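As you go down the protein sequences, you meet chains X and S in turn.
Residue 12 in my numbering is what sits at position 12 of the first sequence, and the numbering runs on without skipping anything.
Residue 47 in my numbering is what sits at position 47 of the second sequence, and the numbering runs on without skipping anything.
Incorrect hints may appear among the rest.
Listed next, the stretches of chain X that the computed footprint assigns to chain S, with coverage defined by at least 3 CB atoms under 8 Å from CB atoms of chain S [stated by the list, open to error]: (1) 115 to 124; (2) 171 to 184; (3) 242 to 254; (4) 268 to 277.
Part of the chain S face toward chain X, derived, beta carbon under 10 Å [to be verified]: (5) Val14; (6) Ser39; (7) Ala45.
In case anyone wonders, no lab produced these hints; they're calculated from the structure.
These numbers were taken from a predicted model, which means no experiment stands behind them.
No residue lacks a Cβ here, since even glycine has one placed at the ideal position from N, Cα and C.
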Amino acid sequence: MTTTPTAPALSAPALPLARGPLSAAVLAALRGGPLPDELDVEGADPFGDDLQLALYVCYELHYRGFAGVDDDLEWDPALLGLRRRLEAAFLAALRAEVPGGGDVAAEIEPLLVEHVDAPGVSRHLRRRGELWQFREYIALRSLYHLKEADPQAWVIPRLEGEAKAALVSVEHDEYGAGRGERMHAQLFADMMRELGLSDRYGAYVDVAPAPVIAEVNFMSMSGLHRALRGALVGQFAVVELTSSPGSDRLVRAAERLGCGPATIGFYAEHVEADAVHEQVVRHGILAPLVAGDPAMAEAVVFGMQAANLLDARLSDHVLAAWHAGRSALVGPLPEHAADA
Amino acid sequence: MPSVPPEALPHRVVVTADGPILVEGPVEVELPDGRKAVSERPVTALCVCGNSRRYPFCDTSHRRRVRSAREEER
Ligand code: FES
Ligand SMILES: [Fe+2]
Ligand SMILES: [Fe+2]
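Required output: the full structure, derived from the provided sequences and hints.
The following block contains the structure:
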């Protein structure tokens, strides 16, 4: 293997398949074609496959790009203009679905109570999940976890003082505290290979249903817009506050299913790390950030509520499919035995 | 090593109101049975409620548990 300055291009994924006119238009533009003027964004389902995939592809230009696609298209005015319309539709739909408010403490409280018999993917997997379901879940979560902590890193220059320092300390931990092999994204990749899944970035985008893509899009949107920095912190807080007990359930699921050390290890790491992150997020980030700033508090509450909503939609989708004995994926889980 | 406090500063230990004790790491925790638990994290959460499955580290087992019927489990 040779190392060249263009090595990162090796990890750029292939373009996904279109799911409707909006995503087809974006994909055609990335292949060098013009973007049509007449695109019906407002008539599309804001949570649907087509709009969400179109948005996802726009955002990926800011992360790793795509193989064979000009990196400069990241700042193409026509694509950015369309992205803006897609975002406006998604954001309006989210705002319409959540109650809003300005009481951050009231949003945090229920997240710190364990609802023993509540429905949820991790609870299902712990009690009676099957290995194929566990593998599907990991494949779906890979859209985020192979770039774990990256969407939240966008917010760093938009924060100040104590909140900034505390958020960076959590991100530092997510990025392996200075050790590449311990980055959470790397631990996730190790788990994927152990489970016989491909750890290639973007390998499962084509089989990811809209609720999975929407969750990642919300992080990217909130990270890329300074105006949504409060929402980003709210989203981050929900993940860090709920991850530790959820990860404990997945450790038990993995143990029960006879999974290997990388799989158990990824979730075990999150039980302990996120028990710490919860405290840092509450006391180090949220408290100073919203102190004396009601507008910021409202933004954080919106981010928390939107994250909860999208998580519930994802969970409902996955559990409904599994309870019906179906796959939660858009198509069959691709087998990647040939992947090097 | 940004995770280690500069020499002159003492390690910060935070006692939280509702959960673990946070200790700036890395730390080696010695248990009564002689077992040693090591945490290389920048901050470690030590369980003080005694319920953690990963004792001496907090796993959020200190959280209140309820059933959907809303009656307390403990
Ligand atoms: S203090 Fe958190 S589990 Fe004991
Ligand atoms: Fe993590
Ligand atoms: Fe975390």
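The hints, checked one at a time:
Under the rule that three or more residues need a Cβ within less than 8 Å of chain S, the assignment of the segment 115 to 124 of chain X holds, with 4 such residues. Here the segment 171 to 184 of chain X counts 4 residues with a CB under 8 Å from a CB of chain S, which clears the bar of 3, and the coverage holds. Requiring three or more residues with a Cβ within less than 8 Å of a Cβ of chain S, the coverage given for the segment 242 to 254 of chain X holds, as 3 such residues are present. With 7 residues bearing a CB less than 8 Å from a CB of chain S, the segment 268 to 277 of chain X meets the requirement of three and the coverage assertion stands.
Hint status for S:Val14: holds, given a least beta-carbon distance of 8 Å to chain X, under 10 Å. Contact between S:Ser39 and chain X, as hinted, is supported at the beta carbon level, the nearest pair being about 8 Å apart and thus within 10 Å. For S:Ala45, the interface hint holds, since its Cβ comes within 10 Å of a Cβ in chain X; the closest pair sits about 5 Å apart.
Every hint from the earlier list agrees with this structure, and none is contradicted.
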